[in-house]
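Construct all of the structure, not just a fragment, from the sequences and the given hints.
If you want the building blocks of each chain, they are given just below.
Number of protein chains: 2
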Amino acid sequence: MIRRSEWKKACDWAWNFVKESGFIVQNKEINSIEIADLGLNEFNITGLHILSLFSTEWVGAKLLILKPNQFFPEHKHPPLEKAKFPGKTEVIRGQWGEFYLVVPGSITCNPKSNPPLHRKRYIDIWHEIVIRPGDQYIISPNTWHWFQAGPEGAIVWSISSKLTDAEDKFKDPQVKRKTIIVDDYSD
Amino acid sequence: MIRRSEWKKACDWAWNFVKESGFIVQNKEINSIEIADLGLNEFNITGLHILSLFSTEWVGAKLLILKPNQFFPEHKHPPLEKAKFPGKTEVIRGQWGEFYLVVPGSITCNPKSNPPLHRKRYIDIWHEIVIRPGDQYIISPNTWHWFQAGPEGAIVWSISSKLTDAEDKFKDPQVKRKTIIVDDYSD
Numbered sequence: 015m016i017r018r019s020e021w022k023k024a025c026d027w028a029w030n031f032v033k034e035s036g037f038i039v040q041n042k043e044i045n046s047i048e049i050a051d052l053g054l055n056e057f058n059i060t061g062l063h064i065l066s067l068f069s070t071e072w073v074g075a076k077l078l079i080l081k082p083n084q085f086f087p088e089h090k091h092p093p094l095e096k097a098k099f100p101g102k103t104e105v106i107r108g109q110w111g112e113f114y115l116v117v118p119g120s121i122t123c124n125p126k127s128n129p130p131l132h133r134k135r136y137i138d139i140w141h142e143i144v145i146r147p148g149d150q151y152i153i154s155p156n157t158w159h160w161f162q163a164g165p166e167g168a169i170v171w172s173i174s175s176k177l178t179d180a181e182d183k184f185k186d187p188q189v190k191r192k193t194i195i196v197d198d199y200s201d
Numbered sequence: 015m016i017r018r019s020e021w022k023k024a025c026d027w028a029w030n031f032v033k034e035s036g037f038i039v040q041n042k043e044i045n046s047i048e049i050a051d052l053g054l055n056e057f058n059i060t061g062l063h064i065l066s067l068f069s070t071e072w073v074g075a076k077l078l079i080l081k082p083n084q085f086f087p088e089h090k091h092p093p094l095e096k097a098k099f100p101g102k103t104e105v106i107r108g109q110w111g112e113f114y115l116v117v118p119g120s121i122t123c124n125p126k127s128n129p130p131l132h133r134k135r136y137i138d139i140w141h142e143i144v145i146r147p148g149d150q151y152i153i154s155p156n157t158w159h160w161f162q163a164g165p166e167g168a169i170v171w172s173i174s175s176k177l178t179d180a181e182d183k184f185k186d187p188q189v190k191r192k193t194i195i196v197d198d199y200s201d
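Each protein sequence line maps, in turn, to chains A and B. Its first residue numbered 15, the first sequence is counted upward by one per residue in our numbering. Its first residue numbered 15, the second sequence is counted upward by one per residue in our numbering.
Hints may contain errors.
When chains are identical, the list treats them as one kind, so a pair holds in a single copy or across two.
Said to hold, decoys possible - SDA-like cross-link-like pairs, simulated, lysine to any residue; straight-line CA separation at most 20 Å: (1) LYS23 <-> ASN156; (2) LYS98 <-> THR70; (3) LYS42 <-> GLY148; (4) LYS192 <-> ILE49; (5) LYS33 <-> ILE139; (6) LYS81 <-> PRO147; (7) LYS42 <-> ARG146; (8) LYS183 <-> PRO155; (9) LYS33 <-> PRO147; (10) LYS42 <-> ASP138; (11) LYS42 <-> ASP149; (12) LYS81 <-> MET15; (13) LYS183 <-> TRP29; (14) LYS33 <-> ARG107; (15) LYS42 <-> ARG107; (16) LYS185 <-> HIS141; (17) LYS42 <-> ILE137; (18) LYS33 <-> GLY148; (19) LYS126 <-> ARG18; (20) LYS33 <-> ARG146; (21) LYS22 <-> TYR151; (22) LYS98 <-> GLU71.
Worth flagging that the hints you see were computed from the coordinates, not collected in a lab.
In structure tokens form, the structure reads like this:
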């Protein structure tokens, strides 16, 4: 869970960061920011700001916005077997800063990413792709991946087939995908 | 058909326009520009520059780049019945300039768009949506639409489910979707 004051601060930070990056947004889109704290209570270390641009039955787009070195744990977008859907295809395109995307493959010897020590036990893949502005990478459905921002933070687009975020599978059993906001006075 | 020198000039113009708009591109992406002259031999009036960003089995993204007042005729993205695909869902998002998107609906009394007189007989819809930077509009599958740039030209994103451009249906029987480039000396 995240305190309302921390949630508000995170939204404001992400909004200003997006505007400064040169990405064109409408003022009302500040209300489309989601804070994913993953229930871990360490948002500045592990978590993600998401600006949802649109979502339809067939296609969706969002911006993934990360603080310096912010980490997002290993997960995948599984198939929806009833719907004969192979899982979300996700295309990452760099907008600002450095973004380290890690996928299955040969281990990168000198990676730029450095996930939090206490989260490493739930990481099984170590093939790093460095995404800079204008770089793209296609993540196939049902493929494990994790990511981390570089030292100045990062903004990337995530353009995908149908959004199925509630179905995401995480390696780390502590992760809860749904954000719970608590009021500051509820100690 | 379009002469190679005109084709080259159109690519260069589109590339410079995209870079000046603040959209972040990689140098190699100049090779992903397509010139759609529609076989009409009036590219500055009717046609489109397309920068393809990516295309997968499930999702694709491009920039639509138009000269001042450039017009693109009425068309739709039909279903692929064999594949049980309802047709391309296309989301337009404004990046630069004014873009007039016209879709089925009540007739707009004082539209900003003004299609070429000699192309009007193949237009049946007159409900205009003005797309400015940051504006979005979702075009449902199998829905007729046409568009035109404002007086300073326009750049919009087209983010969609699977690209099926070769299947597009046009109202105007003169339109040929495939661009044929001819060498300048082949008079």
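_LYS42 and ASP138: within-copy, between-copy, both or neither at 20 Å Cα_ = Neither: 39 Å inside a chain and 33 Å across chains, both beyond 20 Å.
*At most 20 Å between C-alpha atoms: does LYS23 with ASN156 qualify within a copy, between copies, both, or neither?*
Result: close neither inside a copy nor across copies, 33 Å intra and 43 Å inter.
_LYS42 and ARG146: within-copy, between-copy, both or neither at 20 Å Cα_ = Answer is between; shortest inter-copy Cα gap is 14 Å, intra-copy 28 Å.
_Within, between, both or neither, where LYS22 and TYR151 count as close if Cα-Cα is 20 Å or less_ = Neither way: LYS22 and TYR151 sit 31 Å apart in one copy and 29 Å across, limit 20 Å.
*Is the C-alpha distance from LYS185 to HIS141 at most 20 Å within one copy, between copies, in both cases, or in neither?*
Answer is within; shortest intra-copy Cα gap is 17 Å, inter-copy 49 Å.
*When no copy is specified for LYS33 and ARG107, does a C-alpha distance of 20 Å or less occur within a copy, between copies, both, or neither?*
Classified as both: same-chain Cα gap 17 Å, cross-chain 16 Å, threshold 20 Å.
*asked:* Cα distance capped at 20 Å. Does LYS42 pair with ILE137 within a copy, between copies, both, or neither?
replied: neither (37 Å within a copy, 34 Å between copies)
*With 20 Å as the alpha-carbon cut-off, assign the pair LYS98 and GLU71 to within, between, both or neither.*
Intra 14 Å, inter 14 Å, cutoff 20 Å: intra and inter.
*Checking LYS33 and GLY148: alpha-carbon separation at most 20 Å within a copy, between copies, both or neither?*
So LYS33 and GLY148 pass the 20 Å test inside a copy (17 Å) and across (12 Å) alike.
*Up to 20 Å between alpha-carbons, please classify LYS33 paired with ARG146: within, between, both or neither.*
both (18 Å within a copy, 17 Å between copies)
_Homo-oligomer pair classification [ARG107, LYS42; C-alpha up to 20 Å]_ = The answer is between: 15 Å across copies meets 20 Å, while 23 Å in one copy does not.
*At most 20 Å between C-alpha atoms: does LYS42 with ASP149 qualify within a copy, between copies, both, or neither?*
between (28 Å within a copy, 11 Å between copies)
In the structure shown, a violation is registered for the earlier hints numbered 1, 5, 10, 13, 17, 19 and 21, in ascending order.
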